[in-house]
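Asker: Chain by chain, the residues run as shown.
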Amino acid sequence: MSFLDVWYLIIGNPVLNVLIALSHLLSGSFGLAIIALTIIVRLISWPLTKRQLNSSKALQDMQPKIQELQKKYGKNQQKLQQEMMKLYKEAGVNPLGCLWPMLVQLPIWIALYQAIMRALATTPENLLDLAQRLYSWEIVNQAIPLSSKFLWLDLGQPDPYLILAIIVGGTMWVQQKMTQAPTVDPRQQSTQRMMTLMMPLMFGFLTLMFPSGLALYWAVSNIIGIITQYFVTGGWGYLKFRSPFQSTPEKGR
Amino acid sequence: MTQYLSYRMKQSKILLLVVIALLPLILVSCVPGGAQVAMGWSGTAVHDGIIYAGTLDGRVVAINSSTRNLEWSYSITPVTTPSSGLSCGQTLAPTAIYCTPVVDRDMVYIGTYSGQLLAFNMLARSQNLTFPQQRYGEWEWDCPIDNAKSNAIVADLLVSEDAIYVSSSNGRVYSLDKEFGDLNWESKVLDEKHRKLWTSPVIQGDILYVGTFDGHVYALSLETGELSDWAFESEAGFASSPVIDVDTIFLGSFDRYLYAVKIGSDVPMWKFPQEKPAGNWFWASPIVNEGTVYAGCLDGKFYAIEAKTEGKLWEFDAGNPIVSSPVLMDNLLIVTDESGIVYVFDLSAELEDEAVPLKTISVGADVRSPFCAQEGLVYIQGDDNQLYVVDIDMGEVSWKVNLTIEE
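Keeping their order, the protein sequence lines are chains A and B.
The first sequence begins at 1 in this note's numbering and counts up one residue at a time.
The second sequence begins at 1 in this note's numbering and counts up one residue at a time.
If we strip away everything but chain A, and leave its shape as in the complex, we get (with noise of 0.2 Å):
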């Protein structure tokens, strides 16, 4: 058995026969069944996601610390980091962990990328492979072929619209702002605002390339997100209103 038979017979298909499954229930509705989808693949995630949100929240909470270190340590780097790095291993926080829940969806957005252009079937080739991936399930066979219209997207297709480009983007950026705290050391305010900028960019820039299935998907996930954190860490966090080509108040001390 390849690792591609493995890979279909534990994710991939049944990704795709869930997600037609939920067509099914969704009033054959495929973009509803993306989002309901996105909803599931959250509250499986869950686990790892408020490990993540803790994770966050403690930083948060750390914040006052971290400043007076900044302010302590400010010129000498080395020991700046020392002192975080103690105080990080102290409370039990990984800075980076935010990234793992991201890296974990990764075969999810893999398999949901593979459902969404087998479902859709725009080729007869399409229709034809996807009769070998389905199950027997009566709620499946009903679905089957799956109208692609989704209110002005064609599931199959990227938005011809910025709307969901900016959607997506417009939502990671809320998210990623969410989460990170800012800092005094100028290298990690570049290194951040590069990534606050250069992700909510690339994800959108990418929505105008790939299906729209797939946008909805991140767009659905990146606002449950935003939900999730509001809730669990009490507020907007480090989300400031502020523009994000605007610098930091520290820069420059």
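Since the hints were made in silico from the structure, they are not lab data.
For each residue, glycine too, the CB sits at the ideal point set by N, CA and C.
It cannot be assumed that every hint is accurate.
[To be verified] PhoX-like, lysine-lysine: derived pairs with alpha carbons at most 20 Å apart:
# : chain 1 : residue 1 : chain 2 : residue 2
1 : A       : K89       : A       : K65
2 : A       : K86       : A       : K75
3 : B       : K193      : A       : K149
4 : B       : K262      : B       : K308
5 : A       : K149      : B       : K149
6 : A       : K65       : A       : K75
[As the list claims (entries may be wrong)] To be clear about the criterion: a stretch of chain B counts as covered by chain A if any three or more of its residues have a C-beta under 8 Å from a C-beta of chain A, and this derived list gives those stretches:
# : segment
7 : 192-200
8 : 248-256
9 : 271-285
[As the list claims (entries may be wrong)] Selected chain A positions facing chain B (Cβ under 8 Å, derived; list incomplete):
#  : residue
10 : P124
11 : E125
12 : A131
13 : Q142
14 : I144
15 : P145
16 : S147
17 : D154
Using the hints, position chain B against chain A.
Answerer: Only chain B this time, still in chain A's reference frame:
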């Protein structure tokens, strides 16, 4: 130590950033299953010793079956396809052909995935004249996209005495004048949900019947294209083109049943299998002969069913999906499976419940296209763009020709 830790931390952060930035690239580059390329699987037609086929490199070819030489070939204008994923711009690709060429007198008709219907004159093509030669009766017709995603012609054309009927991926059926390609009529959009008509219509009397992906069988006036009062509605969509025997329509469905629908009735006459659905879709159109329906299923099973009673006469398990419709040649029933095995059943012999084929011949390539049989020979186009001529008596591939023509 601290410096080292700090260095490692920065390094891992950069690594993570790079990985995350590359994730979408991985999605398109390394993940199979995202491809949306239409390759085509045109069937073959034989007329007066000439074999006609649409090729995987976007040509229509005529091959002399005696000399095995190319009589003529016409290259359909390649299509520009938008690149998927991260690659920018457009790529030029051969036009996919799913239609089987239809030969009618001195003309050959074929539809393309790019939404064109081409009428070739054999004489004009053999002289390699510029297409279309109106004085030879050649014409081309572009199917309108009509607010749909596509105008692709996937289903086989239906040619009557004076008209051609085309199912389009824009959801409409069109009737064209056979001589000049003028539009006689266009139907309303029959499948608003999917906008795909990938199955051929069929004529009975002065009515045209067509099955849709949203589970309807519509009856259209042959003269005007208007819908008649009767339409059959099923919960699941129809996967195969319908066939008619007297007053009953037979067609396969996505719900893994084969339906028999009496024209005028709102409930199916029967659904096969009776007990539980088959292992997959009835994708290929069944054929009906002397009161028996022969139908292949994508689960690899092939069935002979009594048309009136739904009684199963016999079945055969090919083990591989049956994508192409079976073909009758005298008293021989020819069936192929996707792996390229040709099964020959002798219908004059008494076949057991678990039928055993008279002959089993492998062409050595996957087969998804429709095929034809004539005078003891079966003409099959493989997925490798080769034409295989199978001699039933000899029980082997008699000869084959590569349809990819080198410039």
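Asker: Given A:A131 was flagged as interface, is its beta-carbon under 8 Å from a beta-carbon of chain B?
Answerer: 5 Å, holds
Asker: Next item in the hint list is A:E125. Is there a CB on chain B closer than 8 Å to its CB?
Answerer: It holds, given that the least Cβ distance between A:E125 and chain B is near 6 Å, below 8 Å.
Asker: Could you grab the alpha-carbon distance between A:K89 and A:K65 and see if it respects the 20 Å cut-off?
Answerer: Holds - the C-alpha atoms of A:K65 and A:K89 are around 14 Å apart, at most 20 Å.
Asker: Identify whether the interface hint at A:P145 stands, where standing means a beta carbon of chain B within less than 8 Å of its own.
Answerer: 5 Å, holds
Asker: Measure nothing beyond the straight line between the CA atoms of B:K262 and B:K308; if it is 20 Å or shorter, mark the hint as holding.
Answerer: Holds - the C-alpha atoms of B:K308 and B:K262 are around 10 Å apart, at most 20 Å.
Asker: Are there at least three residues in the segment 192-200 of chain B whose beta carbon sits under 8 Å from a beta carbon of chain A?
Answerer: holds (count 4)
Asker: Between A:K86 and A:K75, is the straight-line Cα distance small enough, at 20 Å or below?
Answerer: Holds - the C-alpha atoms of A:K75 and A:K86 are around 18 Å apart, at most 20 Å.
Asker: Does A:Q142 hold up as a contact with chain B if the rule is Cβ-Cβ below 8 Å?
Answerer: OK, holds: A:Q142 within 8 Å of chain B, min 5 Å.
Asker: A closest beta-carbon separation below 8 Å is what the hint needs, so does A:I144 meet it against chain B?
Answerer: 5 Å, holds
Asker: Let's test the interface hint: is any C-beta of chain B closer than 8 Å to that of A:S147?
Answerer: 5 Å, holds
Asker: Cut-off 8 Å, C-beta pairs, minimum 3 residues; does the coverage of the segment 248-256 of chain B by chain A stand?
Answerer: Satisfied; 3 residues make the cut.
Asker: For the restraint on A:D154, tell me whether the closest CB of chain B is nearer than 8 Å.
Answerer: The hint holds - A:D154 has a Cβ within 8 Å of chain B, the shortest such distance being about 6 Å.
The structure fails none of the hints (numbered hints given earlier).
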